[in-house]
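This is what each chain is made of:
2 protein chains.
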Amino acid sequence: MTGIPSPPAIKAWARLMRVSRQLLERAEDALKDSGLPPLAWYDVLHELAEAGEGGLRPFQLTERTLFAQYNISRLLARLEADGQVEKLPVADDGRGQTVRVTDKGRETRRRMWTVYGRSIAELVGSWLSNDELDALSALLGRLRDPPAPE
Amino acid sequence: MTGIPSPPAIKAWARLMRVSRQLLERAEDALKDSGLPPLAWYDVLHELAEAGEGGLRPFQLTERTLFAQYNISRLLARLEADGQVEKLPVADDGRGQTVRVTDKGRETRRRMWTVYGRSIAELVGSWLSNDELDALSALLGRLRDPPAPE
DNA sequence: TCTATATAGATGCATTTGCATCGATCGTCA
DNA sequence: TGACGATCGATGCAAATGCATCTATATAGA
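As they're listed, the protein sequences go chains A and B. Under our numbering, the first residue of the first sequence carries the number 1, and numbering increases by one thereafter. Under our numbering, the first residue of the second sequence carries the number 1, and numbering increases by one thereafter.
These are computed hints drawn from the structure, not numbers from a lab. Bear in mind the structure is a predicted one, so any value in this text is a computation, not a measurement. Accuracy of the hints is not assured; some may be wrong.
[Unchecked claim] Here are the simulated lysine to any residue pairs, SDA-like style, with alpha carbons at most 20 Å apart: (1) A:K11 <-> B:E132; (2) A:K11 <-> B:S126; (3) A:K11 <-> B:M112; (4) A:K104 <-> B:A135; (5) B:K32 <-> A:L66; (6) A:K11 <-> B:K32; (7) B:K11 <-> A:R142; (8) B:K11 <-> A:D43.
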């Protein structure tokens, strides 16, 4: 019975898609303009930095970042080729590996954050109050992880 | 002075990016599962349908859809090859052309909407009340079209 | 233990995107 | 009118994405 979306739903959807695309593009542009790698690198380096010395398995990264499995596989290959991460065999699972961020990777993340963080502040932080930002987060949170259509 | 984003700004940004990506993926999957073309086709067909008989110039489509110019160029080539749109020379500008949706294109849009609309209803409409959806639209509207960084 | 099935991760191939640039026409200004 | 910069749209080439599938290891069940 939810076949036809209400006008407010359509409008919210349209704005959500449009605004997120636009802001994402701005953030990517800012990184490019500073000669820094794309946001996808940041996402992975960030997760790995949070994970600490233990590192993460690639499949854990696919869960956390929403990138497709083959995408993570290739992204990690690029990051490794560039010395940003290192892959270690994992003892109790011969199929897998553990990925750990290197010092260079940590430094890359730090440099990216100075630009990325500024983008966030400019694109979002300077237009809404903290209360409004919290309200936005709360509303978006209700749309998160909707149950997959069986 | 807006160099460092506040925690609420970071959280709102993260949710915005994550939720929009996730919902977009769901909507795309639903179309694929029904054997329908990707959302990009819908966006263009929708704009052209709204424009009516007069059609639109490609550069107008790039403005309205946020797709890059070369992207629109190739998307239109694919749509034309598939008979969804037709390109007409435009009288008063020898460089340009006018793009108009065909009957087939209108039919494609209609069929896509039955699936796409249901996705919107399920992914957004069923989780927030209309008032909440309006509040979300209003907040997102404040983030729209931020002035480009010079 | 042996077999069947599931999971981790990589990869070949086609499609799409991004980037730079091009050819063509338009508009402006001398 | 003629020259010049701007705009419209297309395109060659490289990189990234999507899709299907593959290899290898792990796990469950007879």
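Against the structure, the hints:
1. A:K11 <-> B:E132: 12 Å, holds
2. A:K11 <-> B:S126: Since the Cα atoms of A:K11 and B:S126 sit roughly 14 Å apart, the hinted pair holds (cutoff 20 Å).
3. A:K11 <-> B:M112: 18 Å, holds
4. A:K104 <-> B:A135: Not satisfied, since the Cα-Cα distance of roughly 43 Å exceeds 20 Å.
5. B:K32 <-> A:L66: Roughly 19 Å between the alpha carbons, so the hint for B:K32 and A:L66 holds.
6. A:K11 <-> B:K32: Given pair A:K11, B:K32 is violated - Cα atoms ~23 Å apart, limit 20 Å.
7. B:K11 <-> A:R142: With Cα atoms ~14 Å apart, B:K11 and A:R142 stay inside 20 Å; holds.
8. B:K11 <-> A:D43: The given pair, whose Cα atoms are some 14 Å apart, holds under the 20 Å limit.
Of the numbered hints listed earlier, those contradicted by the structure are 4 and 6.
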